[in-house]
Amino acid sequence: MTLLIVILTILVIFIVTNIRIVPQAHVFVIERLGAYLSTWRVGLHFKLPVIDRIAKKVSLKEKVIDFDPQPVITKDNVTMQIDTVVYYQITDAKLFTYGIEQPIVAIENLTATTLRNIIGDLELDETLTSRDVINTRMRTILDDATDAWGIKVNRVEVKNIMPPKDIQEAMEKQMRAERERREAILRAEGEKKSAILVAEGQKEATILSSEADRMAAIRRAEGEAEAILKVQEATARGLKMIRESEPNSQVIALQSLEALVKVADGQATKIIIPSDIQNIAGLVTSISEMIKDPNKKSLSSASENPGKTKS
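Take the sequence shown: its position 150, counted from the start at 1, is 150 in the numbering used here, and no numbers get skipped.
Simulated from the structure, these hints should not be mistaken for lab results.
Some hints here could point you the wrong way.
List of simulated lysine-lysine pairs, DSS-like, C-alpha gap at most 25 Å [said to hold, decoys possible]:
1) 75 <-> 159
2) 57 <-> 47
3) 56 <-> 94
4) 152 <-> 56
5) 63 <-> 159
6) 240 <-> 230
7) 94 <-> 75
8) 61 <-> 152
9) 94 <-> 152
10) 75 <-> 192
11) 230 <-> 75
12) 94 <-> 47
13) 63 <-> 94
14) 152 <-> 57
15) 165 <-> 203
16) 193 <-> 203
17) 152 <-> 63
18) 192 <-> 203
19) 173 <-> 61
Cβ pair distances, simulated, as ranges [to be verified]:
20) 77 <-> 129: 55 to 61 Å
21) 140 <-> 9: 55 to 61 Å
22) 136 <-> 33: 18 to 24 Å
23) 195 <-> 128: 54 to 60 Å
In this text the structure is predicted, and so the values were computed from the model without any measurement.
Cβ coordinates follow ideal geometry from the N, Cα and C atoms, glycine included.
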């Protein structure tokens with residue numbers, strides 16, 4: 001009985017140790033008696049003891065390799081350091097296991113030689129501005145070369161391009177000069193636009209000022225014309241009212257005396273009055289007749305008998 005329990009225990013342990021579970025995104029390469037048998041995918045698997053063995057466990061996840069900087073020489077004989085990053089994925093576990101001994105080392109060496117060949121056809125300026133071209137060409141070449149190893153190269157990126165120190169200093173000076181040139185151009189354009197705006201402002205101000213002066217002169221002339229018209233209208237209405245009132249000689253004589261009083265009240269040093277003040281009545285009569293009938297020439301007959309003057 002004890003022997004049976006021992007045998008069963010050994011058998012259970014033996015069976016359990018030969019059961020394998022393949023996790024997600026992994027595959028197992030199985031050999032039987034030293035020869036490739038199959039590739040286990042995700043799930044539960046059982047191998048025969050002693051006869052079968054797991055030759056390699058392969059991860060199907062995408063991997064990243066960051067290679068050290070490699071010295072390269074450009075077409076114009078400039079030596080620089082360039083490091084690359086390769087993104088790859090294993091697509092065939094059998095080829096990956098039996099195709100090459102050290103696939104990662106092979107990819108690194110292939111990347112270095114491919115990079116030297118590509119950079120050797122480019123000048124320094126082209127190398128600094130053609131990262132996409134370099135990445136695309138390297139990915140194509142590496143992907144074709146690694147197909148036989150069961151590897152697919154998804155992306156290749158140039159991480160850093162490090163020219164010599166003297167080249168870097170020259171490039172910095174060139175960039176500084178370019179920035180100063182752009183700054184000077186922008187400053188000149190700004191000053192030009194500012195001068196144009198100032199000139200346009202002065203032009204508009206002069207036009208507006210001239211327009212204002214013209215409008216003021218027109219309004220002033222219109223005001224003066226209206227004032228003259230009002231005075232003439234007032235004078236005409238006054239003469240009309242005098243003519244319509246038909247003043248007698250006494251009223252006209254009284255008005256004449258009042259006019260003399262106003263003249264005498266001024267600051268003139270000499271006053272001219274008729275020698276015979278009674279002649280005023282005759283003059284008044286003539287003026288009255290002239291107001292009544294402007295066509296008569298009474299004023300000319302009165303002017304033929306002028307009075308004597310006294311100083």
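Hints, one by one, checked against the model:
For the hint pairing residue 75 with residue 159, the CA-to-CA distance comes to about 20 Å; that is within 25 Å, so the pair holds. Between residue 57 and residue 47, the direct Cα distance comes to roughly 15 Å. Compliance with the 25 Å bound is thereby established for this hinted pair. The suggested pairing of residue 56 with residue 94 holds, with an alpha-carbon distance near 9 Å, which does not exceed 25 Å. A distance of roughly 19 Å separates the Cα atoms of residue 152 and residue 56; the hinted pair therefore holds under the 25 Å criterion.
Distance hint between residue 63 and residue 159 is fulfilled; the C-alpha atoms sit about 16 Å from each other, no more than 25 Å. Distance check on the hinted pair: residue 240 and residue 230 sit about 15 Å apart at the alpha-carbon level, within 25 Å; holds. For the hint linking residue 94 to residue 75, the alpha-carbon distance of about 41 Å lies beyond 25 Å, and the restraint is violated. Straight-line distance between C-alpha atoms of residue 61 and residue 152 comes to about 11 Å, which keeps the hinted pair within the 25 Å bound.
For the proposed pair residue 94 and residue 152, the alpha carbon gap of about 14 Å is at most 25 Å, so the pair holds. Between residue 75 and residue 192 the alpha-carbon distance is near 44 Å, which puts this suggested pair outside the 25 Å criterion. With a C-alpha separation of about 100 Å, the suggested pair residue 230 and residue 75 falls outside the 25 Å cut-off, and the hint is violated. In summary, the hint linking residue 94 to residue 47 is supported, as the alpha carbons are separated by about 18 Å, within the 25 Å threshold.
Straight-line distance between C-alpha atoms of residue 63 and residue 94 comes to about 18 Å, which keeps the hinted pair within the 25 Å bound. Distance restraint check for residue 152 and residue 57: the Cα-Cα separation of roughly 18 Å lies within the 25 Å cut-off, and the hinted pair is therefore satisfied. Pair hint residue 165 plus residue 203 does not hold up; C-alpha atoms about 57 Å apart against a cutoff of 25 Å. Of the supplied pair hints, the one linking residue 193 and residue 203 holds, its CA atoms being roughly 15 Å apart against a limit of 25 Å.
Distance restraint check for residue 152 and residue 63: the Cα-Cα separation of roughly 11 Å lies within the 25 Å cut-off, and the hinted pair is therefore satisfied. Of the pairs offered as hints, the one joining residue 192 and residue 203 holds, with about 16 Å between alpha carbons and a cut-off of 25 Å not exceeded. At roughly 46 Å between alpha-carbon atoms, residue 173 and residue 61 are farther apart than 25 Å, so this suggested pair is violated. Against the hinted window of 55 to 61 Å, the Cβ-Cβ separation of residue 77 and residue 129 comes to about 19 Å, which falls outside the hint.
Taking 55 to 61 Å as the suggested C-beta distance range, the pair residue 140 and residue 9 conforms, at roughly 59 Å. For the hinted restraint 18 to 24 Å between residue 136 and residue 33, the CB-CB distance of approximately 46 Å leaves it violated. Under the hint 54 to 60 Å, the C-beta atoms of residue 195 and residue 128, about 40 Å apart, miss the expected range.
Consistency note: the structure conflicts with the earlier hints numbered 7, 10, 11, 15, 19, 20, 22, 23.
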